[in-house]
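There are 2 protein chains.
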Amino acid sequence: MKQYLKQDEWCIIEEGFKPEYNEISESVFSIGNGRMGQRANFEERYSGKSLQGNYVAGVYYPDKTRVGWWKNGYPEYFAKVLNAANWIGIDIELDGEMLDLATCKISDFRRVLNMREGYLLRTCTVTTPTGKTLKINAQRFCSIVDDEVGAICYSITPVNFSGKMVVTPYVDADVKNRDANYDEKFWIEISKLVRNSQAYLVAETKKTGFQVATGMLFQIFQGGKEENEFVATRRKRENFVSCSVPLTVKAKEEIIIYKYAANLSSENHPKENLLKNCQNVLKNAQKKGFDKMLLEQAECWKAKWAKSDIIIEGDVAAQQGIRFNIFQLTQTYTGEDERLNIGPKGFTGEKYGGSTYWDTEAYCLPFYLVNANEKVARNLLIYRHKQLQKAIENAQKLGFTDGAALYPMVTMNGEECHNEWEITFEEIHRNGAIAYAIHDYIRYTGDKTYLAEYGAEVLIGIARFWAQRVHFSAHKQQYVMHGVTGPNEYENNVNNNWYTNYIAVWCMEYAMESIQFVQKNDTESYKTLVTKTNLNASKEFAKWEHICKNMYFPEDTKRGVFLQQDGFLDKDLMPVSALRVVDKPLNQKWSWDRILRSCFIKQADVLQGLYFFEERFDNDTIRRNFEFYEPMTVHESSLSPCVHVILGAKIGLFDKAYQMYLRTSRLDLDDYNNDTEDGLHITSMAGTWMAVVKGFGGMRVYDDKVHFAPYLPEAWKSMTFKARFRGGVLEMNVTKEHVTVKNMGEKAIDLSLYGEMHLLEAHKSVVLSTQVPVTE
Amino acid sequence: MKQYLKQDEWCIIEEGFKPEYNEISESVFSIGNGRMGQRANFEERYSGKSLQGNYVAGVYYPDKTRVGWWKNGYPEYFAKVLNAANWIGIDIELDGEMLDLATCKISDFRRVLNMREGYLLRTCTVTTPTGKTLKINAQRFCSIVDDEVGAICYSITPVNFSGKMVVTPYVDADVKNRDANYDEKFWIEISKLVRNSQAYLVAETKKTGFQVATGMLFQIFQGGKEENEFVATRRKRENFVSCSVPLTVKAKEEIIIYKYAANLSSENHPKENLLKNCQNVLKNAQKKGFDKMLLEQAECWKAKWAKSDIIIEGDVAAQQGIRFNIFQLTQTYTGEDERLNIGPKGFTGEKYGGSTYWDTEAYCLPFYLVNANEKVARNLLIYRHKQLQKAIENAQKLGFTDGAALYPMVTMNGEECHNEWEITFEEIHRNGAIAYAIHDYIRYTGDKTYLAEYGAEVLIGIARFWAQRVHFSAHKQQYVMHGVTGPNEYENNVNNNWYTNYIAVWCMEYAMESIQFVQKNDTESYKTLVTKTNLNASKEFAKWEHICKNMYFPEDTKRGVFLQQDGFLDKDLMPVSALRVVDKPLNQKWSWDRILRSCFIKQADVLQGLYFFEERFDNDTIRRNFEFYEPMTVHESSLSPCVHVILGAKIGLFDKAYQMYLRTSRLDLDDYNNDTEDGLHITSMAGTWMAVVKGFGGMRVYDDKVHFAPYLPEAWKSMTFKARFRGGVLEMNVTKEHVTVKNMGEKAIDLSLYGEMHLLEAHKSVVLSTQVPVTE
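Residue numbers (our numbering), protein chains in the order written: chain A, 1279 to 2054; chain B, 1279 to 2054.
A couple of the hints might just be wrong.
Covered stretches of chain B (in silico footprint by chain A; criterion: 3 or more residues with CB under 8 Å from a CB of chain A, positions within the stretch not fixed) [claimed, not checked]:
1) 1674-1688
2) 1760-1771
3) 1845-1851
4) 1855-1869
By construction, these hints were calculated from the structure, which means they are not laboratory data.
Even glycine gets a Cβ: it sits at the ideal position worked out from N, Cα and C.
Chain A with its partners taken away, still in its complex shape:
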């Protein structure tokens, strides 16, 4: 855990440069716009510790990496997220000396991520090894309005010297991935063009053949006046273009470089037009100008915040944490392009690869249900419906038949693109999350037409998978499920993971219920469904029911807890508090086999099930399991703490809930898991949001009504959030004394507050005294 960033309600602030934490800051100060994004690398050269990263949505490389003994059914490739062309670079040369911040004395360093307006600002004073002092002021953003454009305003002022300065803006696609074997590179140059103050590069990814045109166009102002007369030295080498502008500078006279850059992908433009379109995009950007673009950026962010902001008074750390999460999530996924999804690192790092995980359904969907137009959540579901055929093929590769569907663990396009057997073949609970998301969506929106249109078909494929994946144990006289990896990935290839067994049964039940709903309410669609899926309802339902009634669930009746898996009690059970400091985080300190053998839990597993299906369990049961498992949980998955906030608040473990809230909301800001340098934990940020709204807001939707049971953490003065619900918008404000729910919309909403029903007319509020939620 590190706490070097300054707390502020709207900004992330680093004061004083800390080279040892530079890679962490590069992650934290990342900017993006849903289509591209980048780490907070410096514009100037920096030979110190740095992970350079620019990312373009949808662009990947199929790494055919093969482990030793390839097994049948293994996926063809691992989809590597690719570092793309560096478009921010500006080299500065002073009287022949190249400016390298790593060799300079740096003072007055300040890095600010302005979340309210969506830009990154860095100011500092640097002194070169030969004693030249400069003031630097660099501001940049990825435009949300013009989402192929990034803009930089780079100001540099000589403090104690006059002389020659050569300024070299460039585009560099001669980049690599940190995780490349033997520094292999992935971009092949297609074409390039350099003019006096513009340069363009089109590069293609190996194998996948995505092309990206990256261009730049710059203007230079000296002493407030634009330089129009310069003759730049144009440089080209493979995958690199630059323009070097020689200037004569005077002490105290500011030089400003406006660098407009664009990334155009062949996913959105015909390859033959990439270069031309890139030129046009940049011409328009320059015409609009940096200041206007920045103004539009701020306006756009203002609108986004109006919808999704959570205000916490009295606790700056908590306020900053939640805004940081909402900001980064919003930067990563806008819901506008149905081909895209939410990668676990967003545009902030190359780790994990691929773009779509079960995170989307289990953690991100609720955020979009509450904060965005219904269509965004629906699009996230349809994304999976579109990939149903590939999920069926994926299951076939593993020997499943008759329309059974197994969704991939990681994917770019519906194909499995991860390549570890214990994950792809065994972490099958993901299938359950995809079914659960359908339930979650319908529960929230009431849109039951989704079932006939898309949902039921997906549910049939998923139920069929589970029915084939279990087997009847003659020894136990029950159905068992062997060889799975649960949400707790610190166990692999276990038998009877409680969560997986539970969600499997739930999926079969929900599938039957849904199909019957369609049959009853929409005969035409039912017929189509039966034909399309070749459903033999009586026979298949009989089988599913038999499984549901005879499934084995491991349990410790003495302790009154569900067992994470068979044999869990044989482990050397001990709390995380018994670990030495040097042992943590386990995933960086212990070998894999040792982690697997230990009792320690990466993320909520049994508790994930209790969270999903909380209405089926009483608080005592939840509490017994919470108190058994949480002490053994290291929360080394970013997806873990939020579930504990929600359950903890529900059963009255408020201190624990608050502690877990800080952990999830400040996970990256405080580098809890010592891995922020690899990139941010984007998908878990939606979990943080859930922690507030579901955890402290006690918000639930069932029986077609929205329910709240707010609890205000001790340290907070107030908490305010908004929730869209069935065409209306509610604003929830909680203080120590009062809970106020305001209907901001045009129609009345029926809601429950602390278990009491209220019909809230449009523009009206209901005010109640704040309660501590009842714990049974």
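Here the structure of chain A is known, so what remains is to put chain B in place on it, guided by the hints.
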């Protein structure tokens, strides 16, 4: 299973070319000499199905292949066995038409591997697409006498035409591995040299920097007269050198090309001398000449066969099988270079990678104990002693401390060079085999000095590992071992694998016994040992004893069988006979998760333990376990059947034993597992030998005496084998009527035959009636 090869006592014969089986034949007809070897690729071009393979001992590439989510403690690389320069190639061009056997009509095809004399012969008549008919007769061998040299006598006779023929012998290092990602190549050219009838190429492996000089020198005879006047066209391109000789040929006139080739490795020569030394080696080879080299080869093989041949009369399939196994094993490892070991595919394929597996200790050692000078077996043990420090480092990487040693699963130089966690971190029973080999060696040779000199130190490291690898289960009140992969690799990450638990306890017991032996008999060495290993005997022994006394062994008391692992009975138990034909082999037909969930066993697991420690179990126990597990065993590891022969013969299941014998001895000849095309199963060939000597010969060594209890399979008329024992040599001959043991040596040997002791004087025989071994 395929049976297209002709049965013969001394030769492997393919009559009639079967292009669909060509890759299988390329494996089966492989030749080698312990220092290099190659698959039976054709000299001429062949555009059909073919896996080209030339291998040089000790040369590998460290593939840094990374699976998706790298875990702490993973090995740095996977050691890829590299396909090296093709030195056999001879292109033939007829009136401008390149001879490609895949486009020709082939008749009278005959491929012979002459095992008695150690060469490969191919004869055929081919007709080109334009109607030219040729007779080809190609003979080659890798010289065992001049072990850097291979020699080819390639004869070609036009049958129905006269005209121009261009003959192009070449050396081609522009080769790749079939398992390379995206056809990556691994050789970098260092230098080359082409003369009129010679060409040389020095190439270096990427990363590892091994250099290999491959040279060729050829002579051409036309109509029995050497061509001296030709002017060859010399060609060079990257990693390729050739000399094209234009000839005018006449119908019926034979052209003979003698091609001498050499592979010199920088492991044996200074890099700067490689090219020069290669020239000298070839000069000498040419001076000696093909015929003399072939004669020496035959003489050398004669001597080898005199030591290790097994003669089976009355069953050609069985005779051919055992000779093929002995032949290939002898070609792969000569015991002369202590840096080398026995790779699972020898020089016949690239699969698996690395060179040293537990196969060496568990399966190969007995072959060398019985057939070779004691020093060969001792060298195999010392190989591991030399790597003890690396085994300790390997254990440290996984978090073990205080001198615990974990030998690698796969290695080239003592480092782990495989990269699947379920194997390297969990298939730890290999450590047991390394300890067992020490016991096996001492039991056989009586050389107890080995303990003080090398053995005890290794045993301490191994015992320490086990003591740390188990943990005490509060729930079971016993020690358990979680997260292992047993010999049956069709289970991963299981708890309490019976075999592993058993051998772990045995290792600790044997370590204590051995250390106490050293303490009692060699005080000086004991002191050194204690200092070197920092042994605290009283404390460590107390711990080891406590574990040994309180270890948990899974068992089904109702069935009276040991359980392969926890939860085994929950599986859907069914015999292999219930599988459909299309399901086999499982490893090619089923996905990995399905294999893992099934009850099917890749290779003997519980039975491997009963084989190792048979003296501790009565025949009823062995039989119950055999009859429980064998029906579920698919024997898809080549190491499986031999154990079943030995146990089956012991408990009187003779039909099963014989069936398993054919399976192990003809595994590759009949392609039982549908994978011979990848290369031969070299290490299991020692298992085949054990199947005869230990299985049917009933040979055991204990109490410093050799024991025999021969059983002659029904189909056999007689069986004869030799065994070195404590400085003497015994010859065992078994017929239906009599067992004759002859002492071929100079000193008397005490032996037991069917449980009866005999003191057999030098040059004397003992003759008894053949018995069926008693089954209790």
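Earlier hints that do not hold, by number: When the structure is compared with the hints, none of them turns out to be violated.
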